[in-house]
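Just so you know, the sequences run in chain order A and B.
In my numbering, each residue carries its 1-based index in the first sequence increased by 644.
In my numbering, each residue carries its 1-based index in the second sequence increased by 543.
Errors might be hidden in some of the hints.
[What the hints assert, rightly or not] Taking lysine to any residue pairs in the SDA-like style, the calculated list, with each CA pair at most 25 Å apart, reads: (1) A:Lys699 x B:Lys636; (2) B:Lys636 x B:Arg618; (3) B:Lys769 x A:Pro682; (4) A:Lys690 x B:Glu745.
In short, the hints are calculated from the structure, not lab data.
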Amino acid sequence: MKDGFDRHFPEDVWEEYAMGMRGEEDCKLLEEHLLVCPACQDLLAKADDYLRTAKAALSRTRKGLSRSASAALALAVGFHLFQLP
Amino acid sequence: MIASPHIQHAPANAKDTSKHTSAQSSHQTPPSVGEAADNREDDERHAPVDWQNLVMRIQRGDDSGMEDLYRLFSRGIRFYLCRQLGMQELDDKVHDTFLIVVQAIRRGDLREPDRLMGFVRTVVRRQVAAHIDHVVHSRRDELHLDVGVRVADGRRNPEQSMAFQQKVDFMLEILSQLSERDCEILTRFYLDEQTQDQICREMTLTETQFRLLKSRAKARFGELGKRKLQQKMLVPFFSRVSAG
C-alpha cells in the first residue's frame, strides 16, 4: 500500500485556502487531501510563510506611505500658512 | 485494491464545489479545487489505498493495519494540529487523535471505510475545537485563580524572528522595485483581503494580469531568497580563502 496521491493542488489554491477564500466544500476536499499528502502540506506551509511575510512587508510599506503622505500634507499646510497675509 | 474515494469522486466534487463557491460569493469565482487538481493529474500517478482492507485490519486488531494508518495519517495530522494549535504538547495531541480514530473504527462507528479520510478530518477538527474550548475556559479560570493551562506561545524564538525579518526585508526590496499600482494590487489582495474579482473590476485588470503580477512577485521573492542564501553560504568560504 502506498500513501502517495496523484493530484496535487497548485500553490494558488493553497494560498486562497490559507486566506480563508475557499468555501466549505472546497475546504473539506482540501483538508482531506492534506491529511495524506506531504507534497501539499509543504505547499500550504510555503503559502502560510509567504502570506505572513507579504502582510508584514505590505503593512510596513503602507505605514511608510501614510507617513510620507502626512509629511507632505503638513508641508503643504505649513506653506499655505506661511503665505497667509 | 480499490481507488481512493478522493480521486474517484473528484469530478462530482469539482462540480459541487464550483457551484458552492459561485453561490457563496458573487464577487469571487476561483477555479474549483477539483479543476485545479485535474490540471496536474496527468503528470503524477498514485497508488490507490484499499480503505476497506485497512479498516478491516484495524477492526481485527492487526498490527499492520495500525502501522499503515499511522504511516498514512501521522504527518498530516501532526501538520494540521501544529498549524492550528502550535507546537505545544503536539505529540500528545497526535496520540490522542489516533486513539480516538482507532477506538471509533473498532467500535464500528465508521460505516463506510471509503470515507476514512473524511472521518479522520472530522476527528482532527473536533480535537482542535475541543482544545480551543479548553484553552478559553482555562483562560477564564486563570483570571480568577492565576493558575492553570498555559495558552500556546505563538511567538518566535530570536533565530526565527531574525529569519522572518530577513524575509520581510527581501519582500520590501521586491516591493520597492514594483510600480505604485502593482503595490496597490498586492496590498488590496494580501493586506485588505479584497477578492480577485473586486480588485480586477476596480483597477481594470484582467484575471490573467492579476495572477501574473502575483506569481511574478512570488517568483522574485523565491529568487532573491535563494540568491541571498547563496551569498550567505559563500561569505564564510571567501573569508576562509582570504585568511588561508
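These are the hints, each one checked on the structure:
1. A:Lys699 x B:Lys636: violated (30 Å)
2. B:Lys636 x B:Arg618: holds (13 Å)
3. B:Lys769 x A:Pro682: Judged against 25 Å, a Cα distance of about 23 Å means the pair holds.
4. A:Lys690 x B:Glu745: violated (29 Å)
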